[in-house]
Amino acid sequence: MSVETTRSSFLRKYIFSTDHKTIGIQFLFTSLIMLGVGGLLAMLIRLQLGWPAHYLKEQSLVHRGFLILEKLLPGGFPSGSGIMDSGYYNMLFTMHGSIMIFFAIIPLLVGVFGNYLIPLKIGAPDMAFPRLNMVSYWLLPPAILTVCSGFFLQGGAAAAGWTAYAPLSTTLGPGQVCWIVGVIILGTSSILGAINYVTTIINLRAPGMTFFRLPLSIWALFITAIITLMATPVLASALILLLLDSTAGTSFFLPAGLIIDGVLQPNSGGQVLLWQHLFWFYSHPAVYIMILPAMGIASEILPVFARKPLFGYHSMVYAIMAIAVLGFMVWAHHMFTSGMNPTLGTSFMLSTLVIAVPSAIKTFNWLGTLWRGSIRLTTAMCHALAFVSMFVIGGLTGIFAASTPVDLYLHDTYFIVGHLHYVLFGGSLFGIFAGITFWFPKMFGRLLNERLGKLHMILTFIFFNAVMFPMFILGIAGMPRRIYDYTQYAHLAHVGGLNRMMSVSAFILGAVQVIFIINFFWSLFRGKPAGENPWQANTLEWATSSPPPHGNFKAIPTVYHGPYEYSVPGRKQDWLPQHVKG
Amino acid sequence: MIPQFTKILLSGWTKGIMLGGCLFVPTTAWAFGHSGVRVWLPENLSIYGKSIDGLFYLILWITGIIFALVEGTLLVFLFRYRARAGKTATYTHGNNLVEVIWTVIPAIILVFLGFQSQKVWSYVRGNPPPADLEVQVTGEQFAWNIRYPGTDGRFDTEDDITTINQMHLPVNQTVLVHLKSKDVIHSFFLPHFRIKQDAVPGITGHLWLEATQPANVEIVCAELCGLGHYRMRGFLTIESAQAFQDWLGSEYGDSH
Ligand code: HEM
Ligand SMILES: [Cu+2]
Ligand SMILES: [Cu+2]
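Those protein sequences? They're chains A and B, same order as listed. Under the numbering used here, the letters of the first sequence match residues 50 to 631, in that order. Under the numbering used here, the letters of the second sequence match residues 543 to 798, in that order.
Any given hint might turn out to be false.
[As the list claims (entries may be wrong)] Okay, derived cross-link-like pairs now, EDC-like style, lysine to aspartate or glutamate, Cα gap no bigger than 20 Å in a straight line:
| # | chain 1 | residue 1 | chain 2 | residue 2 |
| --- | --- | --- | --- | --- |
| 1 | B | Lys724 | B | Asp702 |
| 2 | A | Lys106 | A | Glu119 |
| 3 | A | Lys62 | A | Glu119 |
| 4 | A | Lys603 | A | Glu581 |
| 5 | B | Lys722 | A | Glu119 |
| 6 | B | Lys724 | B | Asp694 |
| 7 | B | Lys629 | A | Glu581 |
| 8 | B | Lys661 | B | Asp595 |
| 9 | B | Lys724 | A | Asp310 |
| 10 | B | Lys629 | A | Glu614 |
| 11 | A | Lys603 | A | Asp175 |
| 12 | A | Lys62 | A | Asp175 |
To be clear, the hints were calculated from the coordinates, so they are not data collected in a lab.
Given only the sequences and the hints, what does the whole structure look like? Please build it.
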């Protein structure tokens, strides 16, 4: 064999692979790195919120820290006095939100678990369109580089929030333009992935794998892919219009008479609120793109470690469908104070309250699954339970925001920041940790260390709550979000101490993630060998070796049961795999 | 030998760290409880603030009870149904009756909340009561321009009175605010009135205010509007009708 062919086969196997498992793992490493980057930005945000200039004592420990940061990030501290620039702060939270949503949570849930699990769990040798799949991964790094390149450009990175409201977003520099282009690239990647998932799940199910024998994680990913296909093109179109408004002088979102930096703008005829309608028409369904797969993961893990069938399988599936349909009818609940007609506010309030019903159904069915189970508190199970308990807080606080009069007060305050972190960190991210812990042995053939895993889980749980719960209180006290320095407002004079406590907790929360990294890499090489089915689980991915070979199964399995036949009476073993007759 | 040793070490410090972590939260919570500062809703000064606060507390009670029930059940199940030797899980796929029950009950609660919210919403955001006074507020990067119509009662005439970041309102009078923006979106937020409304370029928004007692409070910009967003602060003085007229008079003198 010549050197040429070995090189090309290495490239094909690890870099430009069309194997869904390799692509899933590529998504895993890329998005975990971005999770780390987003986390570091959050630390800088908390540094500023804990010690705004007003509280910064000359030569105190924190002030010295700021002076060191000034050397590392000269763009962020232009004054030379160790004080962060307010424009830089705007870039920090904009990039934190954008990176977490577009490059961490969505690719982790959809890119990693969608790619890795769909063919394995439905009993297929690979995806329907392997090459399309490869393209969908390879659009991710350019999207990341484009969005993040803003930090190195004149004027800095995007700074209009992850929601990029016009006209602010059209008045900013090249970093904002890069943000728009990068998110368009990411949207393209999502659309390609979604086409692939839908086609694969419809066409490549193993014999006997009827729709109502699909594991819930697959149902969730299936519906998520359909939502992606319907919503993402709207985002892409809106972003293209925004790009034209920013660079080509069009006026889709810009009305006549704008005076920016003292200059009367030539635009006319645009509608500012149009951007918000288009953006939220995508982004509300997108919050379900960010939670449904995590719900699927939890529904998958709870039965395995309660050794009990999932409670209410059919209602769980119908609840996902209801969420998907209703999710397209609630977008303007983000716009109750935008100047939209108040009657429209009423209809969106009602649809939003209705969408809380399927969320409640899911929660009760998770509890039903635990009822009279035989619960094993493995690390994966602990993360799944954290998911359930934190999602409850996220969902319940959504009701405050859904009530239009209460939202008049709470909108754009820290209460909303608390709500979204309880659903996205408490919900999605704990779901992701649960999923990684659960499927790591399948991906890499070795188990993660349980002791380190639990240590990481419990500390993350405690410090997550210590950082995020006070946000509700700050919101109730009237602290606006996206604010660089809150100390000047009289009604916020006494929230400095609480903010500092949250910042300290945030630093600890960041630091304990090192345990996860150590566990990940240590177990990758030294972990206990997993064997085919370490959790004694039923679904098809556990019916092949760990990691599975190219083509996944020696022979395509035939499916005889639903996915959650645990503790079937009269059997010696308390699990009954889907491909085993009997 | 070495694995044995790391195991012991690990078990020691993992427990220690977990314990330390668990103690961190109650300790800081205790410290805050005893520091004497109350971080909660600011004082309410508007006529409709009471209804909004009432709704807030209603939802707080309902969600608080649901929260306690759900998380409590979760904890009880975790202890009661822990795996034990010789005990197996109950084989069941669910029950249609309980599915109906836990669909219908939340639905009823949410419909009830919808009705309660709608009452307050049409009060606050429905047709405003007849106005005693009208004010124009225009947001710009990074200040609030306040404009009073002057003696002719009409805007954009010779005798208008304009100020920057200084808003005065007479107590117990209905005030209609016309909201505009020159450049980007701002949001006119009065925490003590429990209201906020975006100032959107190209659109004139409306809201009404009625203060119930004299006070000095601040106007917050609640929508990110650029570099100086954090310092886009206005001042609102609520005073007696007489004091308000005097102030208008002196402002008129200053600007004409
Ligand atoms: C019971 C279900 C839920 C209800 C009733 C609900 C309601 C709401 C409402 C009304 C808002 C707008 C509040 C405002 O801006 O004033 C909001 C914001 C938000 N929600 Fe939810 N929500 C629910 C579940 C979720 C879930 C599952 C997610 C994500 C996984 C989510 C993510 C978000 C995010 C990210 C925002 C803030 C967006 C922003 O302005 O940056 N929510 N929610
Ligand atoms: Cu939403
Ligand atoms: Cu502002």
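Does the structure keep Lys62 (chain A) and Glu119 (chain A) at a Cα separation of 20 Å or less? Measuring from Cα to Cα gives roughly 43 Å; hence the hint is violated.
For Lys722 (chain B) and Glu119 (chain A), compute the direct alpha-carbon distance and say whether it is at most 20 Å.
violated, 39 Å
- [ ] Quickly compare the C-alpha distance for Lys724 (chain B) and Asp310 (chain A) to 20 Å and report which way the hint goes.
- [x] holds, 10 Å
Agreement of Lys629 (chain B) and Glu581 (chain A) with the hint, judged by alpha carbon distance not exceeding 20 Å: At roughly 26 Å apart (the allowed maximum being 20 Å), Glu581 (chain A) and Lys629 (chain B) break the hint.
* Do the alpha carbons of Lys62 (chain A) and Asp175 (chain A) lie within 20 Å of each other, as the hint requires? -> Distance of about 14 Å is within 20 Å: holds.
_Given the hinted pair Lys629 (chain B) and Glu614 (chain A), is their Cα-Cα distance within 20 Å?_
Cα-Cα ~17 Å, so holds.
**Prompt:** Within 20 Å, alpha carbon to alpha carbon, are Lys661 (chain B) and Asp595 (chain B)?
**Reply:** Holds. Lys661 (chain B) to Asp595 (chain B) sits at ~13 Å (cutoff 20 Å).
Does Asp702 (chain B) lie within 20 Å of Lys724 (chain B) when you go C-alpha to C-alpha? holds, 18 Å
_Hinted pair Lys106 (chain A) and Glu119 (chain A), Cα distance within 20 Å_ = holds, 16 Å
Measure nothing beyond the straight line between the CA atoms of Lys603 (chain A) and Asp175 (chain A); if it is 20 Å or shorter, mark the hint as holding. The hint holds at about 13 Å.
Q: Given the hint that Lys603 (chain A) pairs with Glu581 (chain A), test it: the Cα-Cα distance must not exceed 20 Å.
A: Distance ~13 Å between Lys603 (chain A) and Glu581 (chain A) Cα, so the pair holds.
### Task
Could you grab the alpha-carbon distance between Lys724 (chain B) and Asp694 (chain B) and see if it respects the 20 Å cut-off?
violated, 25 Å
Against the hints set out earlier in the document, violations occur for numbers 3, 5, 6, 7.
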